[in-house]
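Undergrad: Model the full structure from these sequences, guided by the hints.
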Amino acid sequence: MRTRRFVLFGGLATSGALIVGYALWPSDRLARFDHLAAGPQERFLSNWIKIAQDDTITVVVPHQDMGTGIFTALPQMAAEELDADWNKVRSEQAPADPEFANAALAEGFGLSREGIDPQSMPPFLRELALRGFGLIAEHMNLQVTGGSSAVRFTGVYGMRVAGAAARTMLVRAAAERWDVEPDSCSTRMSRVYHDATRRSFSYGELVGEAARFDPPLDPPLKSRRSYTLIGKSLPRADIPDKTNGTAVYGIDVVVPNMCYASIAICPVFGGKLKSVDTGVISGRRGVRKVITLEDAVVVVADKFWRATNALAELAPVWQDNGNASINTAAIYEKRRSALDLGPLVEDLSKGRGERALEGRIFEAVYEVPYLAHATMEPMNATAVYHDDKLEVWSGVQDGLGARAFCAKIAKLSLDQVQFHVTKLGGGFGRRLPGAFNYLDYAVKTAMAIPGIPIKLIFTREQDMRHDYYRPNVLSRFQAAFDDANRPVAWINQYTTEDGSNPEAHIPYAVPNQLYKSVKVNTPVPVGAWRSVESSWHGFFIESFVDELAFQSKVDPLQFRLSLLEHKPRHTAVLKRLALEAGWRTPLAGHHLGVALFESFGTIVGEVADISVDSHGSLQVHRITAVADAGTTVNPNGLRAQLEGAIVFGLSAALYGMITIERGSVVQSNFPDYKMVRLKECPRIDVVLLDSDAAYGGGGEPGVPPLAPALTNAVFAATGQRFRSLPLSAGPFRVPGGSTLVR
Amino acid sequence: MVELKINGLVHQLDLEPEAPLLWVIRDEIGLKGTKFGCGIASCGACTVHVDGVAIRSCVTPLSAVAGKEITTIEGLTDGGPTAIQKAWVANQVPQCGYCQSGMIMAVSALLKVNPKPSQDELDATVSNICRCGTYERIRAAVAELVASAEG
Ligand code: FES
Ligand code: FES
Numbered sequence: 000m001r002t003r004r005f006v007l008f009g010g011l012a013t014s015g016a017l018i019v020g021y022a023l024w025p026s027d028r029l030a031r032f033d034h035l036a037a038g039p040q041e042r043f044l045s046n047w048i049k050i051a052q053d054d055t056i057t058v059v060v061p062h063q064d065m066g067t068g069i070f071t072a073l074p075q076m077a078a079e080e081l082d083a084d085w086n087k088v089r090s091e092q093a094p095a096d097p098e099f100a101n102a103a104l105a106e107g108f109g110l111s112r113e114g115i116d117p118q119s120m121p122p123f124l125r126e127l128a129l130r131g132f133g134l135i136a137e138h139m140n141l142q143v144t145g146g147s148s149a150v151r152f153t154g155v156y157g158m159r160v161a162g163a164a165a166r167t168m169l170v171r172a173a174a175e176r177w178d179v180e181p182d183s184c185s186t187r188m189s190r191v192y193h194d195a196t197r198r199s200f201s202y203g204e205l206v207g208e209a210a211r212f213d214p215p216l217d218p219p220l221k222s223r224r225s226y227t228l229i230g231k232s233l234p235r236a237d238i239p240d241k242t243n244g245t246a247v248y249g250i251d252v253v254v255p256n257m258c259y260a261s262i263a264i265c266p267v268f269g270g271k272l273k274s275v276d277t278g279v280i281s282g283r284r285g286v287r288k289v290i291t292l293e294d295a296v297v298v299v300a301d302k303f304w305r306a307t308n309a310l311a312e313l314a315p316v317w318q319d320n321g322n323a324s325i326n327t328a329a330i331y332e333k334r335r336s337a338l339d340l341g342p343l344v345e346d347l348s349k350g351r352g353e354r355a356l357e358g359r360i361f362e363a364v365y366e367v368p369y370l371a372h373a374t375m376e377p378m379n380a381t382a383v384y385h386d387d388k389l390e391v392w393s394g395v396q397d398g399l400g401a402r403a404f405c406a407k408i409a410k411l412s413l414d415q416v417q418f419h420v421t422k423l424g425g426g427f428g429r430r431l432p433g434a435f436n437y438l439d440y441a442v443k444t445a446m447a448i449p450g451i452p453i454k455l456i457f458t459r460e461q462d463m464r465h466d467y468y469r470p471n472v473l474s475r476f477q478a479a480f481d482d483a484n485r486p487v488a489w490i491n492q493y494t495t496e497d498g499s500n501p502e503a504h505i506p507y508a509v510p511n512q513l514y515k516s517v518k519v520n521t522p523v524p525v526g527a528w529r530s531v532e533s534s535w536h537g538f539f540i541e542s543f544v545d546e547l548a549f550q551s552k553v554d555p556l557q558f559r560l561s562l563l564e565h566k567p568r569h570t571a572v573l574k575r576l577a578l579e580a581g582w583r584t585p586l587a588g589h590h591l592g593v594a595l596f597e598s599f600g601t602i603v604g605e606v607a608d609i610s611v612d613s614h615g616s617l618q619v620h621r622i623t624a625v626a627d628a629g630t631t632v633n634p635n636g637l638r639a640q641l642e643g644a645i646v647f648g649l650s651a652a653l654y655g656m657i658t659i660e661r662g663s664v665v666q667s668n669f670p671d672y673k674m675v676r677l678k679e680c681p682r683i684d685v686v687l688l689d690s691d692a693a694y695g696g697g698g699e700p701g702v703p704p705l706a707p708a709l710t711n712a713v714f715a716a717t718g719q720r721f722r723s724l725p726l727s728a729g730p731f732r733v734p735g736g737s738t739l740v741r
Numbered sequence: 000m001v002e003l004k005i006n007g008l009v010h011q012l013d014l015e016p017e018a019p020l021l022w023v024i025r026d027e028i029g030l031k032g033t034k035f036g037c038g039i040a041s042c043g044a045c046t047v048h049v050d051g052v053a054i055r056s057c058v059t060p061l062s063a064v065a066g067k068e069i070t071t072i073e074g075l076t077d078g079g080p081t082a083i084q085k086a087w088v089a090n091q092v093p094q095c096g097y098c099q100s101g102m103i104m105a106v107s108a109l110l111k112v113n114p115k116p117s118q119d120e121l122d123a124t125v126s127n128i129c130r131c132g133t134y135e136r137i138r139a140a141v142a143e144l145v146a147s148a149e150g
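Chains as they are written, first to last, in numbering that gives the first Met the number 0: chain A, 0 to 741; chain B, 0 to 150.
Hints listed in this document are in silico derivations from the structure and should not be mistaken for laboratory results. Source: prediction; values computed, not measured. Positions of the beta carbon are idealized from the N, C-alpha and C atoms, including for glycine. Be aware that a few hints might be false.
Footprint (simulated), chain A over chain B, 3 or more residues, beta carbon under 8 Å [as the list claims (entries may be wrong)]:
1) 39-50
2) 63-73
3) 103-116
4) 125-137
TA: And the structure:
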């Protein structure tokens with residue numbers, strides 16, 4: 000009989016959301032685990048938790064640290080079920096090794112290969128497993144940090160279960176030693192107690208024996224009422240190093256004898272390098288090599304600034320591949336005519352759909368622009384190649400995926416590639432798989448200069464112009480009202496770059512609904528940008544609802560409430576929001592706008608409090624947010640994520656716009672791709688409603704309501720409806736922003 | 000040869016006078032706490048003190064700082080966390096943390112000349128970018144420092 004252990008698995012939804020569960024694991028794999036990450040005094044109880052003989056509990060986190068606090072929240076969830084002494088809990092980044100895949104199927108030790116029947120899995124995971132398989136097959140090597148998934152999936156399906164399983168095994172070990180029933184034992188603060196005889200063992204004392212047991216299939220989980228750690232604002236473990244300069248990001252990696260590489264990528268999307276005269280910089284101090292790639296020139300030098308300065312002397316000749324005619328206006332026209340001419344694909348129809356479009360009809364078209372991620376740390380990677388071996392360092396949102404990507408670029412097997420994940424100076428989707436151009440260029444550069452470790456850093460200008468942008472999207476709405484001024488039809492047609500978006504579906508009780516999408520692709524690369532599809536559908540839906548309220552002559556908050564009677568959580572958020580934001584009692588000269596959006600399992604309502612003076616100067620005074628993220632693991636951490644998401648959304652709504660001219664991005668750095676700074680940052684108040692609902696996501700759901708809350712407030716103040724973003728592109732003088740004219 | 004005094008230590012460097020202080024600090028001296036964000040004096044991630052004043056090191060050539068006292072985040076921290084850093088931890092300010100060395104250097108330079116800045120003074124003086132949006136917590140941390148300065 001073979002013994003088994005957990006194996007974690009998961010899948011990536013097309014939206015970037017991660018689905019994670021666990022299956023069973025033949026125990027022979029544990030040997031490799033021990034070798035990889037366990038010290039001599041430690042044994043793995045499962046791949047997420049290790050307990051040392053000195054009682055130190057290390058929770059191995061299969062995600063990366065991009066500042067969302069999951070290196071505290073996830074251990075919190077494991078420690079809760081484990082009844083661990085929090086002071087002895089540490090967290091550790093999972094190595095970028097398939098043994099730590101958060102999607103175990105990827106490397107083939109999944110259920111299908113092991114022949115494990117999903118029916119043998121605990122019931123609450125079975126459905127997840129069945130749903131996940133198809134997706135997993137498409138997305139190999141997952142260790143993704145994105146889709147606000149860490150707490151929702153890794154935490155719920157991995158951390159808690161792993162913690163509970165480990166606890167059960169420790170209890171069994173103690174019970175065996177005492178020769179008592181496991182049921183007569185209890186656990187607290189990292190000890191197993193036999194209360195009847197007043198005996199106890201620390202977890203560390205039991206590790207050796209506990210590890211001999213199979214993890215239980217369906218370990219009992221605590222009820223919410225008995226939580227002692229989940230729900231507490233425990234301080235984040237990663238913070239002290241981020242106040243003294245010692246946190247190590249990709250850009251800080253040091254490898255002996257390392258050189259620096261600076262890159263100029265063909266500015267026109269899809270263009271190629273035709274030629275470059277490198278003679279002008281030959282013999283320049285510090286320059287080691289000029290490398291020409293298919294669509295880029297790279298200068299390798301002993302110092303980064305020498306590489307960058309030398310690169311600036313070069314005048315590469317590019318070949319635009321016919322894309323030089325692309326510009327923002329043409330792309331807009333292309334999408335606009337696609338909305339008119341189709342082919343539109345039906346996504347969802349409710350009631351009588353389009354046939355209900357009769358009587359008084361209201362129509363509006365909205366647009367959002369391309370946006371860059373502009374993470375604070377520009378893209379970079381360090382790589383060294385020699386003797387058919389490649390070693391890479393970088394801050395990515397998927398270590399294992401990045402490793403597989405590098406192997407593919409270098410035409411090596413996974414075993415020939417080592418990948419080290421560092422901290423991320425911001426992610427927001429920019430460092431997800433599918434957006435690995437910096438790894439691509441770093442690996443190719445390293446291979447062109449074998450034996451020399453190179454650190455390739457994008458200048459801010461390269462970072463801005465070679466991103467995978469939040470797409471430009473158009474959306475057309477039509478609504479019909481009945482005689483009582485209630486909306487009875489909601490028709491929405493939108494452009495998409497991939498497929499239909501469930502994020503377009505409304506929570507509001509409109510009896511007849513129809514959604515259609517039309518696919519429009521352009522040479523401009525697009526990717527996941529914090530809150531992804533919700534970032535645009537949130538703006539579209541919550542603007543149009545506001546317009547309907549105005550058409551119906553009903554207060555916009557009341558209007559929403561009247562359409563949400565069947566949605567108690569949404570209703571609770573809105574009612575609380577009205578209270579917190581002083582909806583009925585704005586300050587003199589101030590105007591309020593509201594928006595409500597559910598994404599990633601979390602419902603967030605936001606109110607923007609603004610004023611516009613007689614010169615048309617807009618001031619954002621305060622943003623109030625109320626969120627229902629279900630069970631909250633770390634309230635202060637969640638609050639921080641919502642605050643950050645609000646600022647992120649505000650920068651985009653006020654200033655964010657990437658424009659394309661002659662096939663290239665116009666913006667290049669922060670002066671023309673503006674960010675909210677302290678001076679423009681409003682007061683932000685966040686209120687959390689802890690509900691009984693499932694765990695919701697934290698990183699993204701604060702973004703979608705911000706833009707519509709703001710434009711709805713502008714409408715309340717001025718009567719002007721912004722159907723496209725950003726506000727600085729309109730007639731307003733937005734603080735810190737120049738007026739852009741389209 | 001350029002002589003550079005960083006965090007109290009003197010370094011002799013055989014570098015061009017136009018070499019940017021940021022990269023010298025990071026890659027020649029090896030102090031990685033000072034960050035690169037924009038390279039054009041726009042974001043503040045590279046903020047260090049020169050004779051006690053906050054400057055943006057990415058556009059500061061070596062020639063401009065020869066012989067002056069340069070302090071980086073590592074120098075600020077010598078001898079344990081400062082009150083600012085403690086306030087940063089207490090208010091759980093950083094998210095990704097990448098901007099925070101620059102933020103802390105900018106705030107500490109401000110507090111040196113104005114130990115009790117109002118929020119408006121703080122907002123007007125510290126123009127660093129935090130892409131993670133930690134501004135409200137920076138304000139809270141500074142307000143706490145001001146309150147304790149008032150005792
Ligand atoms: S890197 Fe110096 S100000 Fe941005
Ligand atoms: S904490 Fe991430 S940029 Fe400020």
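Undergrad: Compare the structure with each hint and give your call.
TA: Now for the hints, and whether the structure bears them out:
1. 39-50: Our answer is that it holds, as 4 residues pass the Cβ test (under 8 Å) against chain A, meeting three.
2. 63-73: holds (count 3)
3. 103-116: violated (count 1)
4. 125-137: As far as the region 125-137 of chain B goes, the hint holds, because 13 residues have Cβ atoms under 8 Å from chain A.
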